[in-house]
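J.: Residue-level listing of the chains:
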Amino acid sequence: MDIVVCMKQVPDLQQIRIKDRQPILENIPLVWGDIDKNAMEEAVKVKGKLGTGKITVVAKGSDKLQQGILEPLAMGADEAVLLMDPAFAGSDSVGTAKILAKAIEKIGSYDLVILGEGSTDNYSGVVASALAELLNLPEITYVRELEVEDGKIRAVRNMEESFEVMEAGLPALVTVAQEINQPRLPKFMDIRKAGAKPKHEWGPADIGLSTEEVGQKARRVETLSNLAPEQDRKNIMLQGDHDKQVGALVDALTKEGVLGR
Amino acid sequence: MSEILVYSYADETAFELISASKGFAGQLGATVSAALLGEGAGAKASDYFAYGADKVYVSEHPALRDFYVGTYAEALKQIAESGDVEFVLIGSSKRGKELAGRVAQKLDAGAITDANAVRAKDGNLEADRYSLGGNTLASQVITTPKKVISVMPKTFELGPKEVRQGEVVKLDLDLKEPPVKVVERREKAGDKVNLEEAEILICVGRGVQAKEDLAMIEELARLLGAEIGCTKTPASDWQWFSEERMVGLSGKKCKPILYVSIGISGQIQHTVGVVDSKIIVTINKDEKAPIFAMTDYGIVGDYAVVVPKLSEKLKSPR
Amino acid sequence: MAEADEGKVEVVIVGAGLAGLSAAYVLAQAGVDTVVVERGDYPGAKNVTGGRVYMAPLRHYLPGLWDDAPFERHVTRETLTMMAEDASTAITLDSGRFRDEPYHSYTLLRGTFDRWFGDKVAEAGAFVLPKYRADNVIMEDGRVVGIVMGEEDEIRADVVVAADGVLSLIAEKAGLRKAQEPGHYAVSAKEVIELPAKSIEQRFNLGPDEGAAQLYFGALTKGMLGGGFLYTNKESISLGIVVGIGSLLEKEPKLEVHELLEDFKGRPEIRNLIAEGETVEYSAHVIPEGGIRAVPRLYSDGIVVIGEAAGLGLNVLLTVRGMEFAVASGVMAAEAIKEARERQDYSASSLARYQELLAESFVLKDLETFRHVLDFMENPRLFGYYPQAVCDIFTDLMWIDEKPKPKISSTVIRKGLSKFGKWATVRDALRVLRI
Ligand SMILES: Cc1cc2nc3c(=O)[nH]c(=O)nc-3n(C[C@H](O)[C@H](O)[C@H](O)COP(=O)(O)OP(=O)(O)OC[C@H]3O[C@@H](n4cnc5c(N)ncnc54)[C@H](O)[C@@H]3O)c2cc1C
Ligand SMILES: Cc1cc2nc3c(=O)[nH]c(=O)nc-3n(C[C@H](O)[C@H](O)[C@H](O)COP(=O)(O)OP(=O)(O)OC[C@H]3O[C@@H](n4cnc5c(N)ncnc54)[C@H](O)[C@@H]3O)c2cc1C
Ligand SMILES: Nc1ncnc2c1ncn2[C@@H]1O[C@H](COP(=O)(O)O)[C@@H](O)[C@H]1O
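Chains as they are written, first to last, in our numbering: chain F, 98 to 358; chain V, 2 to 319; chain U, 50 to 484.
One chain only, chain F, in its complex shape (with noise of 0.2 Å):
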């Protein structure tokens, strides 16, 4: 059983400030998707159960991936490829899917594709769907419970006003939601250790792309502004010991006109 994991590393989005409506972003450290970090867990889960198998993690990113990479490795992947090369840069989601499924094609044998439901910054939800079409591969998105076995998998997935219970062969495609697993911190020795896993760094050339198909030069959605909401908050603490806090909340909301409306 070997799986694929897709992660992506993003910056830490509680650490963003805001300037004059445009995100700071240097000096943001990156940290890997909170939902794909749900991915790898049950790729670790789905190997553990199984008892066999391959596990590797495909990453496009920048070069911090070299040092990012060793969480996943240490939470139980076996082996890392990393799409760094700068021609990459600048991609949109669909590009993203393009060079990853490029990737996969290459990494040849895999069963099972795992990649979050969406991205922490993103969150398009493009890019696994644009990659299963380009693997031709079947789908199953939003998946919060995972069952393989012999050559299918069986998932039950969280809809708006339902859940679907869906069942598919294999090699297929799979994204998960938050709440699927609780993903483990990997110990300090399995971080060590990581170092020593087998890393592959792949450029377009590798997989077999022009830098002309890649990164920036192949998007298709421009971005014209992206800026911050403009916020104004009154940032009042209320002081004193609760019954002075409330009494002061409910005179403030009375006076603002909010209350017994």
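Only true hints are included.
Derived BS3-like pairs (lysine-lysine); straight-line CA-CA distance at most 27 Å: (1) Lys314(U) x Lys116(F); (2) Lys294(F) x Lys142(F); (3) Lys107(V) x Lys249(F); (4) Lys95(V) x Lys142(F); (5) Lys57(U) x Lys296(F); (6) Lys161(F) x Lys180(U); (7) Lys212(V) x Lys254(V); (8) Lys316(V) x Lys279(V); (9) Lys471(U) x Lys271(U); (10) Lys182(V) x Lys249(F); (11) Lys290(F) x Lys387(U); (12) Lys314(F) x Lys107(V); (13) Lys286(V) x Lys352(F); (14) Lys122(V) x Lys254(V); (15) Lys177(V) x Lys107(V); (16) Lys171(V) x Lys107(V); (17) Lys316(V) x Lys352(F); (18) Lys279(V) x Lys116(F); (19) Lys116(F) x Lys95(U); (20) Lys254(V) x Lys116(F); (21) Lys155(V) x Lys122(V); (22) Lys161(F) x Lys169(U); (23) Lys122(V) x Lys314(F); (24) Lys310(V) x Lys341(F); (25) Lys283(U) x Lys116(F); (26) Lys256(V) x Lys314(V).
Hints listed in this document are in silico derivations from the structure and should not be mistaken for laboratory results.
Given the coordinates of chain F, assemble chains V and U with the ligands onto it according to the supplied hints.
T.: The following block gives chains V and U with the ligands in isolation, referenced to the frame of chain F:
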């Protein structure tokens, strides 16, 4: 003449998109068509015309019995290519979102999902969507000949329903049986709440550890005349609430006059759903919680103590 | 580098501050298998301490390392301000020597600086592990053999280096540091206020890369032991206030440091300097002030304590010092560990070498020299009476009205005697001679 093709799993959203597309069509010199897919879909044609579709494509192909993203994407591709479709507008439900990526790939198109505003500009459609998890709002255009945009429900008003006729195009599409079977569907308890309209909204977060504490919060809601919403965990993980009540990036976007957060840290994926509130009140025991930065009136304390006191105060304002 | 044998490393350092990173750097360069555990997202992530560092000791203990370090501005102007209720008198030193390279001191922001240092340490071959917090030490028959992280993770090592800063949890768990008395600590509140480089250079009359360091004492601490500081960074100002916990606890009515800081920011002397600035960081932090008396046991079987974890810091009216102590103690601990490694003996007696090195160096010598500073500074007159007196005299000198003005000398002598010719003040003067 180029076409705007509308498809949504939920008809309501389709009608909103058709209503809006009528406006765009004028500016873009396009016509508005819609896709009706699945068993008995054809029957809905008249409603689609009534909201303004000039043309509907109907396919009741057996392979479209259940919604499967791959098959539905293939259907939309064949429809788009049968006509002169430039824009595909899809209702951005979970199904619509997964559909968008696959349709885009099939049409060599660029895709924008979860658009919360769309406008016609210079012969193209410009869409807004949240970026950086909700920190920013990006305005984007698609530069490929064909364009796929999935649009959030309630982004547009429902237009007037008129008695209109239109062209029905019955297609027999070339589709294979889906490789994914729906073996069971467990309906969730229906919850017809409409948080987007709520004037006063209380949201419950992971800080509210005990389900029985919801009682005190419901009382507060009664006193304030508030609807109750929540962050992700109480909905997806604990299932205390239906996802109809989840507020944020992957939930509802609300603009209440008063928003009260209880036990919520203020991570961006939640707060993006309430930034437009007029007044924000926060009850959180950790004075360092990021949500205080976007709060008008903050109380640092344990909700289990503060909420009952607040309710008392509301009952008997001195 | 020596690989981890059976899940063990040679040295685990708790805390990627200046002390921990300095030790790690030296050890890594010697090929010692070293891990630095840091609870922050990255070294310096939440480290808002420190504002200005004196370079001579850094250059001496880690030569050549600092050339491409991300310092903010080199300090070319030192100002000491005595604050009275509604007046203040400042003494400024603007010396040519401050403009000679190598520069005497730099301002810095720890978030940027420690991160850079962390990368250097990683390049040198140490393993820096961010986002992990050490919660305890592993003790086996009386000796420290590693640290515990969270529920079920641990790192075993020949030596644990406690570099976890003031109020060191690790030194305490290892039984080296006992609960301290309030008198040994000061609390500080600090803000980093963003301003365009141009405004900073205009407001402080600085050239590009030139910086100002300003220290304040007097009315701003309402008679309590302490003072304020202001450092100019490239595009921000570090503004803070420090108050002895002891005197803060005795203060009636109760006062919070951040209230003091707010008042301080409101003073006309400060207000205009930070106008239109945006506060991007706020922090409260503890500073050791016990001097030599507050220094815990510095080593034991399998453990050494460095930097502020070891209470190595000196906060004398004119200077807040700690970073160079951190670097120096880190380097000396590393040297001692290297020697212990030669002997393959990490017992207390072997690690005692660290204490020797410290004792021979400026670190413990300076702390010893300033042994009496604390008693001297406990003196409220210093923070209320004297600044007021100086400002009064100065005001009289400067004040012109319609009445005939007495001779300057007589003003000074008359006022001077009336204000300083008391026993108390003479005693204070004598005590000054001891520091
Ligand atoms: C792609 C993506 C999409 C997402 N979409 C959404 C979304 O649409 N909506 C959403 O909500 N989340 C969403 N999330 C999850 C989001 O990132 C946060 O995990 C979530 O919002 C945190 O919810 P919380 O504030 O309730 O919990 P926490 O972050 O755990 O905060 C709990 C708070 O409660 C406080 N507290 C604890 N006990 C008490 C007490 N006794 N009294 C008072 N206060 C107390 C704590 O101080 C803390 O601040 C999304 C995440 C991702 C990656
Ligand atoms: C407001 C203020 C202003 C100052 N100004 C100056 C100045 O101008 N000049 C000067 O020389 N000195 C100054 N100092 C003192 C100086 O900052 C300290 O002496 C110096 O930072 C000590 O370095 P350190 O490495 O020993 O400790 P720290 O710099 O405090 O580093 C300790 C590190 O350990 C980490 N840590 C703590 N506990 C754990 C744990 N359990 N597990 C993992 N990691 C942990 C922390 O996150 C931190 O990164 C100032 C201090 C303050 C508070
Ligand atoms: N640059 C990337 N590298 C690897 N995987 C990615 C990348 N971007 C997106 N993904 C995967 O695609 C999923 C959905 O991303 P998105 O379409 O951006 O919401 C993520 O959860 C990841 O699993």
